[in-house]
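Participant: Chain residues, written in single-letter form:
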Amino acid sequence: MAILGGMIVDCAVYEHGKRRAGDLSLGQAGAACRSDGGFVWLGVVEPSAEEFESIAREFGLHELAVEDAIKAHQRPKVELFGDTLLVVVKTVTHPDADHGIGVGELLLFVNRDFIITVRHGEGELSSVRERVERRPDLLAHGPGVVLYAILDHVVDGYGDVAQTIDGEIQAVEREVFSAERTNPAEQIYKLEREVLDLYRAVAPLLEAVDEIGEGRFEAIPDELDDYFRDVHDHLQRVTGRVNAFRELLSSALQANLTQVSVRQNEDMRKISAWVAIAAVPTMVAGIYGMNFDHMPELHWRYGYFTVLSLIAAICLALYWRFKRVGWL
Amino acid sequence: MAILGGMIVDCAVYEHGKRRAGDLSLGQAGAACRSDGGFVWLGVVEPSAEEFESIAREFGLHELAVEDAIKAHQRPKVELFGDTLLVVVKTVTHPDADHGIGVGELLLFVNRDFIITVRHGEGELSSVRERVERRPDLLAHGPGVVLYAILDHVVDGYGDVAQTIDGEIQAVEREVFSAERTNPAEQIYKLEREVLDLYRAVAPLLEAVDEIGEGRFEAIPDELDDYFRDVHDHLQRVTGRVNAFRELLSSALQANLTQVSVRQNEDMRKISAWVAIAAVPTMVAGIYGMNFDHMPELHWRYGYFTVLSLIAAICLALYWRFKRVGWL
Amino acid sequence: MAILGGMIVDCAVYEHGKRRAGDLSLGQAGAACRSDGGFVWLGVVEPSAEEFESIAREFGLHELAVEDAIKAHQRPKVELFGDTLLVVVKTVTHPDADHGIGVGELLLFVNRDFIITVRHGEGELSSVRERVERRPDLLAHGPGVVLYAILDHVVDGYGDVAQTIDGEIQAVEREVFSAERTNPAEQIYKLEREVLDLYRAVAPLLEAVDEIGEGRFEAIPDELDDYFRDVHDHLQRVTGRVNAFRELLSSALQANLTQVSVRQNEDMRKISAWVAIAAVPTMVAGIYGMNFDHMPELHWRYGYFTVLSLIAAICLALYWRFKRVGWL
Amino acid sequence: MAILGGMIVDCAVYEHGKRRAGDLSLGQAGAACRSDGGFVWLGVVEPSAEEFESIAREFGLHELAVEDAIKAHQRPKVELFGDTLLVVVKTVTHPDADHGIGVGELLLFVNRDFIITVRHGEGELSSVRERVERRPDLLAHGPGVVLYAILDHVVDGYGDVAQTIDGEIQAVEREVFSAERTNPAEQIYKLEREVLDLYRAVAPLLEAVDEIGEGRFEAIPDELDDYFRDVHDHLQRVTGRVNAFRELLSSALQANLTQVSVRQNEDMRKISAWVAIAAVPTMVAGIYGMNFDHMPELHWRYGYFTVLSLIAAICLALYWRFKRVGWL
Amino acid sequence: MAILGGMIVDCAVYEHGKRRAGDLSLGQAGAACRSDGGFVWLGVVEPSAEEFESIAREFGLHELAVEDAIKAHQRPKVELFGDTLLVVVKTVTHPDADHGIGVGELLLFVNRDFIITVRHGEGELSSVRERVERRPDLLAHGPGVVLYAILDHVVDGYGDVAQTIDGEIQAVEREVFSAERTNPAEQIYKLEREVLDLYRAVAPLLEAVDEIGEGRFEAIPDELDDYFRDVHDHLQRVTGRVNAFRELLSSALQANLTQVSVRQNEDMRKISAWVAIAAVPTMVAGIYGMNFDHMPELHWRYGYFTVLSLIAAICLALYWRFKRVGWL
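Protein chains in written order, with my numbering: chain A, 1 to 328; chain B, 1001 to 1328; chain C, 2001 to 2328; chain D, 3001 to 3328; chain E, 4001 to 4328.
Honestly, the hints are just simulated from the structure, not real lab data.
Each hint should be verified, as a subset may be incorrect.
These stretches of chain A come out as covered by chain B in the derived footprint (C-beta under 8 Å, 3 or more residues) [what the hints assert, rightly or not]:
(1) 80 to 88
(2) 103 to 116
(3) 225 to 238
Each computed BS3-like pair below joins lysine-lysine, with the alpha-carbon atoms no more than 27 Å apart [claimed, not checked]:
(4) Lys1077/B to Lys77/A
(5) Lys3270/D to Lys4270/E
(6) Lys3323/D to Lys2323/C
(7) Lys2190/C to Lys3270/D
(8) Lys323/A to Lys4270/E
(9) Lys323/A to Lys1270/B
(10) Lys4077/E to Lys77/A
(11) Lys270/A to Lys4077/E
(12) Lys270/A to Lys323/A
(13) Lys2270/C to Lys1270/B
(14) Lys1077/B to Lys323/A
(15) Lys323/A to Lys4323/E
(16) Lys190/A to Lys4077/E
(17) Lys270/A to Lys2270/C
(18) Lys2270/C to Lys3077/D
(19) Lys2077/C to Lys3190/D
(20) Lys1190/B to Lys2270/C
(21) Lys3270/D to Lys4077/E
Glycine residues also receive a C-beta, built at the ideal position from the N, C-alpha and C atoms.
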């Protein structure tokens, strides 16, 4: 792949749904997409301003679209510049509970003649390319199919992350209501952050995909409307789950506070019960420690042992009673 | 029913509102629905990819619709592929309070010529088939009537579950405000989960049924619009109840926290009252345990008994006072 | 009223705004409404399926509308079946604070030729009939006027209930912030339930009355639009109040929790202050109860009384100090 | 002003933007507004049913509008009866923090030929009349200008009240987070009530003024649209502030609960520290109060003073330590 | 710059995208904008009523627009007076965490022939002027470009402030969940106030910029629509973040309350553990301080030391146990 710059990961021409053999230089790609019949798919990763400038010149991209492509941190959206669509998508990964959500970004320039995919952060597209190249019947519809395949792939990723978060929420619920005295407030809060991150990737995209599926854009042939509506449908499922997550987490935070209060009360009662039991010997012993001249019990033969037994009996009675009412 | 595969539970042709006698093979069913006059109702349960593939070929179903039919966990929706409607519905059961809500799924392919019902999980339709076959006047309107009957049946199920949840909420309310020291935080939270599950089945369907009732789809004859609006109306009732449930449960969680706090305060005051009563003998006994040379009371004849009586009197006075202010 | 069945409470023909003398049988009423010039008002209470079946046949009501009329527990709505409007309204009463809100139901079938009022539960309409019969000028506009009069009556009832609830909320507010140590959490929760019940009666009706007031239905002559908009306006006022109630009650629940916490803290400090005061004699007495050979104070003439005075002095000083900082 | 009834506060004819000299009887006013060229401004305060009946007859007001004018407690709105607009506005005053918000009501009947202002409660309009009479250029546009001037005046009043409430909220915030142990829960709640009152005056008016500013009504000449949009703009500002108030107060209530909890914890730790310090002498003295035959320390020359010093030393050490960790 | 009044900071004529050399008097500027070809950019800072009156006369501004320009504290909006747009924008700065958000105001009068920028508070525009003058190709589109450049600059400022707040929120989160016993309730509340301030600057502007970007106004040439949609897009990003902030802060406040409760419980348990340990010597010593005639232990040779050891052993055992269960 010597003729491709470092930022270009793949560049191919597709004709009648099939990939033309061989690699292309940027200039050849630009020429190919101006000629009839096929379309170009150019894959770029984190380009510098100068690198992308040359692509923009070759393919005639709008100044503002170019600015978006270089600076990441765009909002998911679809926008039409001339006859080229710019679709911005967030990719989301969530490898394990410890690391939170990883958010990447894809910028897709789509036209009747080309699709340029610009990737920032994670979100490898080679698996999409492979899958799409196995369907020449679909590819024959042009670059819109690639857009569909990428969106489908990304939205599947959202579903996986939602699934992971679902598991995490169930784990945190178990912890909230477990007999063990854990306080998962911090985990709940972190989950809320994750869910918000996911929400901010999904919600604006919903609107964007809806616009595409309604057939508003010429770059997307009408035959694909069903496909984009399918993606929209999957997005709505994820959105529904995300909204449910938010409600659940908010309730979990409140329920957790209740559990913490209940446990505090249990601790307080347990402590108090022991204090009460301990107060008995002190009290009784205090009475027989008084220095009155006339205290008949003091002179009994087994007075001491009687009192010790009495103390033990009262303590045991209290213990048994506290056990019964659930304070111990 | 030898000629039907394992996944096909029933397959019948209806002509002029009446069921044609005898079972059909898939091929016969496909032929019947292509001929004039009648329509086919094919009932399928959890088909494998290959099994459903053959049905899809026979009836000309869209690739994406087929994918939906095999993978469960769709969102309730109505979608038009060519001239075939795909309606996805969640079935909901709630046998008892211990097991939470059971969610199944129905995918309904409806056309002027056939209705294919694909069931995942619970949601037996044989009772619907029986009821519908008793109304040949309605059945003569075509497969749309079957769609209506199934939706009506499913939505009735939502109403039953809402009723059950209503009872559970009232039980939990009684527990929150009961004199017994229970903490139903976990039950409230579980109810919130159930209500969310129900909400996620009901809310998207509302929109879908609204679309059907507005007569947008050719597969549904206009004579049935009133019927679908009736279903829509029942759905709205359930939605209204579900929204009320959410608000009530959120308040119940908060009220429960208050009750827990109030009880903690009551416990603290009760404990403190006993501690105060127990402090009296210790204090008094401590004083008469001092070793001063000149403590006249020590030498009184009945000093000891006087002090014991004094202690008892103070303790009883305190006890009576604490009772009166409600601390004991 | 011998010719009327038990469920029919009144049946009259109105011509040119005036009631025709004498009672009618169902058949006569049906005939009257098919003839020109006047209209029939038929009042029915909790009919059985068979009873209402005969009415439906006589007046040509739709199968689904009939089903609604027999089963109560409909949602407030307006629906058009053929050229007959079905309006469902909840009646609400709130006699006193102990019993919560009583909800009844009215189903009104309105046409150019008749109005059939079906009542479930409370919601006597005889006062409406009297009032309406005093306005022949309005009655000449047909059955729509009766619909208006009933809605006006029902919505006035909502306003009364809202007024009652307002008073209850103010009472509960006073209790929350009173110096007495009450915990009105349960009352607040019950008020939330009542407000929700009222909301569920009012909110769907708002939409329905709006539709009527916009003159969408032929059964309602345009001259009455102002009147229905007036009802709509009153409904909006009630809705506004209900929404304010919800917000207030939610805050009251939270404020109540704060008050409960504050009182708990006050109790804790009061208890602690007394514990501190009681600890003084115990501590001092303990010191003079030690058995050292050389404790000069023990041999003083007034040692005992000095120590007693000292204890009293310290306790009083503590008491005064705690009073000053507000712990006692 | 002998010819005016007690409820009529002012009645004038304006021609070419100027007030015609002299007072008018009701009949003269009615006649003047039916003649060409000028318009009548009639100011009425809390009329009785009979009093207003005569005005309604003279100016041809709608039955329902009249009912509104006599009963106060309407919702802010704009409604068209024939060619006469009825605008209902709430006036709001907030003289000082102790008395809460005072709500009055203005009902304005506006026509090409007259404006009738009916006032209930506070909301003097004489200053508006003076200001408006200084602008004959505007007055020449007819009664719509008076409507604008009144709305502008009322909305300025909302702004003033919002300003006062802002100050109160800031005061309450300072109290919530002050070192002093105040609990402003009741003030926060009262502020929420005030804000709700203001909201219920402002929010429905927003919609009404929007309708007027869009030029929907013939009674309002198009030249005034900019002016009404200006009023709408000010209303939006107030609404924005009111919404911010609601959010702030809700957070303040929650923050206050936290502060109360934190202070409770501080108190508990302070109390516990003193209890711990007091436990030392009791414990040590108890040991030397034991009656063993062989306790060498008891026979030391300075045993007693040594132990006293020991107790003092331990207590001081504890005190110093508790100071350091912030418990005292 | 002698010919410019104190409030005028810059005044220039642009022709074909280039600045005409030399300063202008107000009269010259007015004349220039009435002549063909170029446009005037007049920059004004906090003008007095009289100062702005002269500008308004020269450029023909509407009475109400002028009133807005003098009084600050407008709401962000776009409004059309005749053919002159008035755009009101809030500028926001947030230099450091201690001082909260600083809000200024810009009022922009835009026309085909001129743009007048009126600044209240912070929000220097000289950097915008420099940047815009470097793009004569854009400037040739007229004053709309200046409006775009200013909005772009202001919205970038919002993004910076959002970034700062994001950092502050993360700092506060760390504090909430840190092991140190801090209570950042006040900081959370202050952040909520800041976020609300930012929200009230951003949210109304969103709507205003949307209107501009839709090409509704003649003063803005269609070529600039893409640019305004780009600004709108950035505004949406900020709005999305602000909404996320609000949700996070609300959860943080709740989580903080939980943490405070958990710490209170920890303190209570620690205190109780020490109290329990201290109760042992008192209790045991009390027993051996009793004055019974027959207490064999008292006469043992090493009774005293045995008991002291026993006390120490029990205390150590308790200490070890409390350590193990995490109470100490």
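Participant: To test your reading of the hints: which numbers does this structure violate?
Facilitator: 1, 2, 7, 11, 14, 16, 18, 19, 20 and 21
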